[in-house]
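Please work from the sequences and hints to get the whole structure.
Line by line, the protein sequences are chains A and B. Counting from 1, one number per residue, gives the positions in the first sequence under this note's numbering. Counting from 1, one number per residue, gives the positions in the second sequence under this note's numbering.
You may find that some hints are simply not true.
Treat identical chains as interchangeable: a pair holds within one or across any two.
[Said to hold, decoys possible] Simulated pairs of lysine-lysine, DSS-like, Cα-Cα distance not exceeding 30 Å: (1) 97 x 165; (2) 223 x 133; (3) 230 x 83; (4) 188 x 230; (5) 283 x 165; (6) 83 x 165; (7) 188 x 124; (8) 188 x 173; (9) 45 x 188; (10) 230 x 124; (11) 45 x 133; (12) 133 x 283.
By construction, these hints were calculated from the structure, which means they are not laboratory data.
There are 2 protein chains.
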Amino acid sequence: MKTYNNFILKFTGLILVLCLTACASQQPVEATPDPLASWTNGATKQRITAFVNTVTDSTNTDFVPASQRIATFDNDGTLWAEKPTYFQLLFIVDRVKAMAADHPEWRTTQPFQAVLENDMAALKASGEHGLIKLAMATQAGMTTEEFEVIVNNWLATAQHPTTGKPYTQMVYKPMLELLDYLRANGFKVFIVSGGGLEFMRPWTEAIYGIPPDQVVGSSIETKYELRGGKPVLVRLPEIHFIDDNVTKPVAINRFIGQRPILAFGNSDGDFEMLKWTTSGSGKRLGLIVHHTDAEREWAYDRDSSEGRLNRGLDEAAENGWLLVDMARDWQVIHP
Amino acid sequence: MKTYNNFILKFTGLILVLCLTACASQQPVEATPDPLASWTNGATKQRITAFVNTVTDSTNTDFVPASQRIATFDNDGTLWAEKPTYFQLLFIVDRVKAMAADHPEWRTTQPFQAVLENDMAALKASGEHGLIKLAMATQAGMTTEEFEVIVNNWLATAQHPTTGKPYTQMVYKPMLELLDYLRANGFKVFIVSGGGLEFMRPWTEAIYGIPPDQVVGSSIETKYELRGGKPVLVRLPEIHFIDDNVTKPVAINRFIGQRPILAFGNSDGDFEMLKWTTSGSGKRLGLIVHHTDAEREWAYDRDSSEGRLNRGLDEAAENGWLLVDMARDWQVIHP
Numbered sequence: 001m002k003t004y005n006n007f008i009l010k011f012t013g014l015i016l017v018l019c020l021t022a023c024a025s026q027q028p029v030e031a032t033p034d035p036l037a038s039w040t041n042g043a044t045k046q047r048i049t050a051f052v053n054t055v056t057d058s059t060n061t062d063f064v065p066a067s068q069r070i071a072t073f074d075n076d077g078t079l080w081a082e083k084p085t086y087f088q089l090l091f092i093v094d095r096v097k098a099m100a101a102d103h104p105e106w107r108t109t110q111p112f113q114a115v116l117e118n119d120m121a122a123l124k125a126s127g128e129h130g131l132i133k134l135a136m137a138t139q140a141g142m143t144t145e146e147f148e149v150i151v152n153n154w155l156a157t158a159q160h161p162t163t164g165k166p167y168t169q170m171v172y173k174p175m176l177e178l179l180d181y182l183r184a185n186g187f188k189v190f191i192v193s194g195g196g197l198e199f200m201r202p203w204t205e206a207i208y209g210i211p212p213d214q215v216v217g218s219s220i221e222t223k224y225e226l227r228g229g230k231p232v233l234v235r236l237p238e239i240h241f242i243d244d245n246v247t248k249p250v251a252i253n254r255f256i257g258q259r260p261i262l263a264f265g266n267s268d269g270d271f272e273m274l275k276w277t278t279s280g281s282g283k284r285l286g287l288i289v290h291h292t293d294a295e296r297e298w299a300y301d302r303d304s305s306e307g308r309l310n311r312g313l314d315e316a317a318e319n320g321w322l323l324v325d326m327a328r329d330w331q332v333i334h335p
Numbered sequence: 001m002k003t004y005n006n007f008i009l010k011f012t013g014l015i016l017v018l019c020l021t022a023c024a025s026q027q028p029v030e031a032t033p034d035p036l037a038s039w040t041n042g043a044t045k046q047r048i049t050a051f052v053n054t055v056t057d058s059t060n061t062d063f064v065p066a067s068q069r070i071a072t073f074d075n076d077g078t079l080w081a082e083k084p085t086y087f088q089l090l091f092i093v094d095r096v097k098a099m100a101a102d103h104p105e106w107r108t109t110q111p112f113q114a115v116l117e118n119d120m121a122a123l124k125a126s127g128e129h130g131l132i133k134l135a136m137a138t139q140a141g142m143t144t145e146e147f148e149v150i151v152n153n154w155l156a157t158a159q160h161p162t163t164g165k166p167y168t169q170m171v172y173k174p175m176l177e178l179l180d181y182l183r184a185n186g187f188k189v190f191i192v193s194g195g196g197l198e199f200m201r202p203w204t205e206a207i208y209g210i211p212p213d214q215v216v217g218s219s220i221e222t223k224y225e226l227r228g229g230k231p232v233l234v235r236l237p238e239i240h241f242i243d244d245n246v247t248k249p250v251a252i253n254r255f256i257g258q259r260p261i262l263a264f265g266n267s268d269g270d271f272e273m274l275k276w277t278t279s280g281s282g283k284r285l286g287l288i289v290h291h292t293d294a295e296r297e298w299a300y301d302r303d304s305s306e307g308r309l310n311r312g313l314d315e316a317a318e319n320g321w322l323l324v325d326m327a328r329d330w331q332v333i334h335p
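Set out below in structure tokens:
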């Protein structure tokens with residue numbers, strides 16, 4: 001009997017251990033690693049975690065239900081770099097060069113000639129009108145699915161002009177951690193960028209974990225038509241919407257339909273998005289990446305042609321927005 | 001020792017039972033009730049469940065990863081009724097009446113006069129132009145947040161003209177079940193409707209479980225401005241986008257950024273959405289609610305001014321689309 005009991009005891013104990021192990025694997029008790037490990041321990045990081053702790057604490061008067069935890073992020077200069085210039089502009093330049101053989105007239109037509117001759121002065125002189133011309137010539141005329149292939153092929157081979165890295169490695173590690181941290185706390189995270197919708201969507205899910213329908217941006221007109229009996233959407237050389245400064249809240253309202261409780265930008269193009277976000281009732285958080293790190297990244301603000309941050313610097317304090325000092329607050333820049 | 005062993009045995013057994021109970025509560029073994037209980041058992045229901053089983057079965061060659069399980073639903077006539085006319089039009093009529101005291105000129109100005117005198121012939125004679133005039137007069141000029149309050153107040157008090165029910169009870173129970181069933185199977189479900197974005201968003205989450213950012217529809221222009229230092233979005237009397245027939249795939253591409261694998265409509269206004277959806281590669285499902293039930297709902301198709309279904313009836317078979325016969329396939333209509 002004793003042997004039998006011992007057997008039962010051991011057998012039961014074994015099952016118990018197995019079962020407890022199973023239970024444990026479902027509810028780990030180990031200390032969780034810091035979800036914001038690339039952020040310097042200090043006031044900035046503390047303010048972010050305090051905000052998240054507050055709005056997710058159902059006993060707190062500032063609790064926000066998960067369905068209303070909307071966070072919006074600018075892309076260029078906020079989630080990935082924007083120097084020496086916006087990556088989509090570098091894509092357009094590469095497209096002009098790749099398409100030039102089929103367009104001999106470009107060799108003597110501005111602003112194409114400027115691109116082909118790497119003549120930055122002439123390119124700048126062509127102004128906004130010139131840029132739109134380049135954008136339409138290289139990004140319209142094909143179907144949406146053909147354009148997706150073009151973007152993916154470019155990303156697979158193109159290298160950043162100064163670091164030599166693929167562009168998708170020019171993203172900011174602390175921001176990737178923040179996106180994950182917010183999602184783990186029930187936030188729905190959106191991009192709200194001046195960049196093109198269809199330039200971003202092919203890769204935002206793989207790189208940021210942000211699915212295509214949570215990407216808001218600028219767009220051109222598209223047209224439904226049948227080709228050989230099959231429907232396609234053709235990209236037309238006409239601007240539909242530019243998502244920048246005062247139109248960012250317009251786009252947030254149109255695409256998201258709720259006012260965010262957290263917004264993160266880096267330039268005056270994000271000013272109104274931050275203003276709109278932080279003017280709502282209840283607890284809100286507005287954040288601005290301040291590019292202060294000339295050694296590990298770039299240092300620029302008031303006088304930059306990309307990511308110009310002037311009004312945002314002057315008015316961040318009175319609006320209660322947090323300036324994230326890249327040199328001070330980020331221990332690591334890129335993954 | 002034996003007593004001690006017995007004690008250990010009992011104690012261990014107790015913990016084991018508790019633990020197994022805990023494990024069991026995490027993985028219930030009871031039979032699940034039919035998620036599509038309001039659908040008649042038959043070919044239609046079977047085809048829906050077979051499709052879902054196929055695309056969610058990771059061992060099947062037609063498996064679709066959850067991130068690509070996009071389903072789009074029309075609203076008027078698909079998720080809720082659209083007779084005697086579109087509910088948003090009834091909302092506009094009620095708004096004209098509610099606002100008439102502040103607009104004495106409406107008593108002698110068409111199409112307002114027609115609405116105030118319940119003169120349907122004169123209202124119809126005013127045509128699309130007249131309707132747009134009514135829509136702009138009643139749905140623009142206020143902020144987006146003021147409009148949301150107006151919609152919510154109307155829904156809380158307005159009654160359907162023939163059933164006397166609140167409009168949000170004029171939704172279809174089989175469709176509510178289908179939305180839940182798809183979500184339970186990893187689908188992300190969107191509305192793609194000709195109705196106004198901001199007319200739908202205040203209530204779609206509570207009624208359909210569809211959050212504001214998963215609602216695609218028609219829209220008017222909005223403008224960001226500061227009022228007393230606070231930002232607001234003002235609704236302008238200008239159409240931004242009409243989401244109907246050939247523009248539904250355009251809107252899907254712009255808002256969702258992926259081609260759906262399932263689309264459900266009820267009228268020729270959904271034709272291109274179904275065509276776009278079912279022309280993609282892999283397994284696809286296109287469905288059309290056919291309003292065949294004059295007793296429990298309404299029976300209409302080719303000659304109806306709402307939800308006209310003509311081409312869809314003729315071409316459903318050759319496109320492989322499933323006609324859902326309301327009288328035959330739905331055991332219950334409203335919740």
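Under a CA distance limit of 30 Å, which applies to residue 97 and residue 165: within one copy, between copies, both, or neither?
within (20 Å within a copy, 63 Å between copies)
Given identical chains, is residue 133 near residue 283, meaning Cα to Cα at most 30 Å, within a copy, between copies, both, or neither?
neither (43 Å within a copy, 40 Å between copies)
With identical chains treated as interchangeable, where does the CA-CA distance between residue 45 and residue 188 reach 30 Å or less: within a copy, between copies, both, or neither?
within (20 Å within a copy, 33 Å between copies)
Status of residue 124 relative to residue 188 across identical chains (alpha carbons, at most 30 Å):
neither (38 Å within a copy, 44 Å between copies)
Go through the copies and call it for residue 188 and residue 230: within, between, both or neither, with a Cα cutoff of 30 Å.
between (35 Å within a copy, 25 Å between copies)
Which holds for residue 83 with residue 165 at a C-alpha limit of 30 Å: within a copy, between copies, both or neither?
within (13 Å within a copy, 59 Å between copies)
State whether the alpha carbon distance between residue 230 and residue 83 is at most 30 Å within one copy, between copies, both, or neither.
Answer is neither; intra-copy 41 Å and inter-copy 34 Å both fail.
Within, between, both or neither: how does the pair residue 230, residue 124 come out at a Cα-Cα threshold of 30 Å?
neither (41 Å within a copy, 37 Å between copies)
For the identical chains here, do residue 45 and residue 133 meet the 30 Å Cα criterion within one copy, between copies, both, or neither?
Neither: 43 Å inside a chain and 52 Å across chains, both beyond 30 Å.
Intra- versus inter-copy proximity for residue 165 and residue 283 (alpha-carbon distance at most 30 Å):
neither (39 Å within a copy, 38 Å between copies)
Taking 30 Å as the upper bound on the Cα-Cα distance, should residue 188 and residue 173 be classified as within, between, both, or neither?
Answer is both; intra-copy 19 Å and inter-copy 28 Å each pass.
Have a look at residue 223 and residue 133 and pick one of within, between, both or neither, based on CA distance no larger than 30 Å.
both (20 Å within a copy, 27 Å between copies)
Checked against the numbered hints above, the structure breaks hints 3, 5, 7, 10, 11 and 12 and satisfies the rest.
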